[in-house]
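There are 2 protein chains.
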Amino acid sequence: MNIVFSSRVESPERWFALLEQALPHDRFFAWPEVNGGDADLALVATPHEGLFSRLPRLKLVQSIWMGVDALLADPALPHHVPLARCIDPGMVAAMGESVLSDVIDFHRHHYLYRRQQAEKKWKKLRQYMAADRTVGLLGLGELGSTIGAMLRSFQFKVLGWSRRLKSVAGVESYAGAQGLAQMLPKCNIVVCLLPLTDETRGILNATTLALLPAGAAVVNVARGAHVVEADLLAALDSGHVARAYLDVFETEPLPAGHPYWAHPGVSITPHSAALTEPRTALPMIVENINRVRSGQAPLALVDFSAGY
Amino acid sequence: MNIVFSSRVESPERWFALLEQALPHDRFFAWPEVNGGDADLALVATPHEGLFSRLPRLKLVQSIWMGVDALLADPALPHHVPLARCIDPGMVAAMGESVLSDVIDFHRHHYLYRRQQAEKKWKKLRQYMAADRTVGLLGLGELGSTIGAMLRSFQFKVLGWSRRLKSVAGVESYAGAQGLAQMLPKCNIVVCLLPLTDETRGILNATTLALLPAGAAVVNVARGAHVVEADLLAALDSGHVARAYLDVFETEPLPAGHPYWAHPGVSITPHSAALTEPRTALPMIVENINRVRSGQAPLALVDFSAGY
Chain A
2 MNIVFSSRVE SPERWFALLE QALPHDRFFA WPEVNGGDAD LALVATPHEG LFSRLPRLKL
62 VQSIWMGVDA LLADPALPHH VPLARCIDPG MVAAMGESVL SDVIDFHRHH YLYRRQQAEK
122 KWKKLRQYMA ADRTVGLLGL GELGSTIGAM LRSFQFKVLG WSRRLKSVAG VESYAGAQGL
182 AQMLPKCNIV VCLLPLTDET RGILNATTLA LLPAGAAVVN VARGAHVVEA DLLAALDSGH
242 VARAYLDVFE TEPLPAGHPY WAHPGVSITP HSAALTEPRT ALPMIVENIN RVRSGQAPLA
302 LVDFSAGY
Chain B
2 MNIVFSSRVE SPERWFALLE QALPHDRFFA WPEVNGGDAD LALVATPHEG LFSRLPRLKL
62 VQSIWMGVDA LLADPALPHH VPLARCIDPG MVAAMGESVL SDVIDFHRHH YLYRRQQAEK
122 KWKKLRQYMA ADRTVGLLGL GELGSTIGAM LRSFQFKVLG WSRRLKSVAG VESYAGAQGL
182 AQMLPKCNIV VCLLPLTDET RGILNATTLA LLPAGAAVVN VARGAHVVEA DLLAALDSGH
242 VARAYLDVFE TEPLPAGHPY WAHPGVSITP HSAALTEPRT ALPMIVENIN RVRSGQAPLA
302 LVDFSAGY
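Which chain is which? The protein sequence lines are A and B, in order. Mapping the first sequence onto the working numbering, position 244 (from 1) lands on 245, and the numbers just tick up by one. Mapping the second sequence onto the working numbering, position 3 (from 1) lands on 4, and the numbers just tick up by one.
Keep in mind that the hints were calculated from the coordinates and are not lab data. It is possible that some hints are incorrect.
Identical copies look the same in the list; a pair holds intra-copy or inter-copy alike.
Stated by the list, open to error - Taking lysine-lysine pairs in the DSBU-like style, the calculated list, with each CA pair at most 35 angstroms apart, reads: (1) 60 <-> 167; (2) 125 <-> 187; (3) 124 <-> 158; (4) 121 <-> 60; (5) 158 <-> 125; (6) 60 <-> 187; (7) 121 <-> 167; (8) 158 <-> 60; (9) 60 <-> 122; (10) 122 <-> 167; (11) 167 <-> 187.
Extracted from the complex, chain A is given alone in its bound form:
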């Protein structure tokens, strides 16, 4: 088969070495290349403009990222061609490391100890046990269920909110607007792992942040638009939210003048909480290429109506 790769940020070289070794009889080429039009399958993340209109034979658009909100917002994306997300165990593991790191930073007061270090101040703060802390996960899909299990293994209490009630071992499940209003007051730490859809945009806003107990922490590793930034800043300024760990922002790169940069209550990472890792993403992508070849349904297809 002919497989085109198109991304304005991911480099094809890292992928082609692995793909060509796994599938020596397929042809991989990076857009734009002469005769791109005969592609059966497109591997994409932030694809080049004009790509889709020139691929009449396409049988699958395979995202090499887990989040497909930017792709779905692209008016050029063909809706008659199936679109698959990338479920990369390495990316899920990376997200787990990042979330756990943020949760422990807050739980064990490391952000306060950094402040004390800057003041040359030696003072032990009260130690809590993980079982004393409740973490609320927004999103209970691949990421949420894996991260929930990880947090449970440390004895954190874990609650999870999703579109529909889910059954995840050890995780108390909530759904819908009413479920969110019931869950948030119990959370010392809330972690956003949701896909970005019309229903989840702005889910962390003045109203929902006010439902958190005073002194809670907010972790956002999903999409910037899940958080109403002015509302989070107000909650940080009032002290109602004690700390925010933010990896994603309404505008990325985060503009130089943004108040987050210098805010003492904010930890910023540059959308680096979890990057797709070609070594671990490869098996699923190879599987989907082989499924297209043999006429089987690809894995992890996006439901266009649900938006993820």
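Please build the complex by placing chain B on the supplied structure of chain A, with the hints as guidance.
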């Protein structure tokens, strides 16, 4: 039985409420109290001066801390009375959280991202997978084996060094001076969890730090005297050691003029990586009190000749 509690830093009230509920027929009192001399058992951490010479009936000294180096260095400690360490699963869990947090802070470049945030700089750094990183544990006792298993569950490669070769699932075991020299060159991160003895004092020094690969990290959550501070500072200044996460120091509280405080390569916590948690320490202490009562050997006895 009569049980005396003596500590210059731990408060007896937190313990007595739990102990009196668990053992309603025993008598708990805080030193100094009239008639302290009839104590059968002493619960201690940094005990008051003169305590031991006034307790002629003592059958067990039960430390409420895991580390007993300060007790063993106390010339007043009676060596004809057995001494037990405290193996507190809550303290072990807290240590696991602290070590994992330091390991991930280094592994996921969070210390560099904090620096970038201070400079309002948005730049993704190369993502490594946990399996790309090797963590060397100095010490493979209760702490090392538990923390080794935790790190393995994240797919870190884990090596462990101890006085004698040990068999810990998934952990490559090293022992002796030669073993240390073999292990250190493989470690991206070395974590000191050792008891402080004549053999382990100054184990991280110019010679051993030089064996680490360039750009490694050092985590010390054991005792300050495990590290030769001037040697670690030199290794940090040269860049050979990229980062040090230090919870313990030769002198505590860390003196205001110490170069660690303002060193850009050092994260300082005030000996807070893991505090004994009365709620989880209680079962073992109750068990040892009952063992003394019934004439059985207490758990976790210290080997005076080994020094832990």
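Original post:
If you check each hint against the structure, which ones fail?
Top reply: Per hint list: 4, 6, 7, 8, 9, 10 violated.
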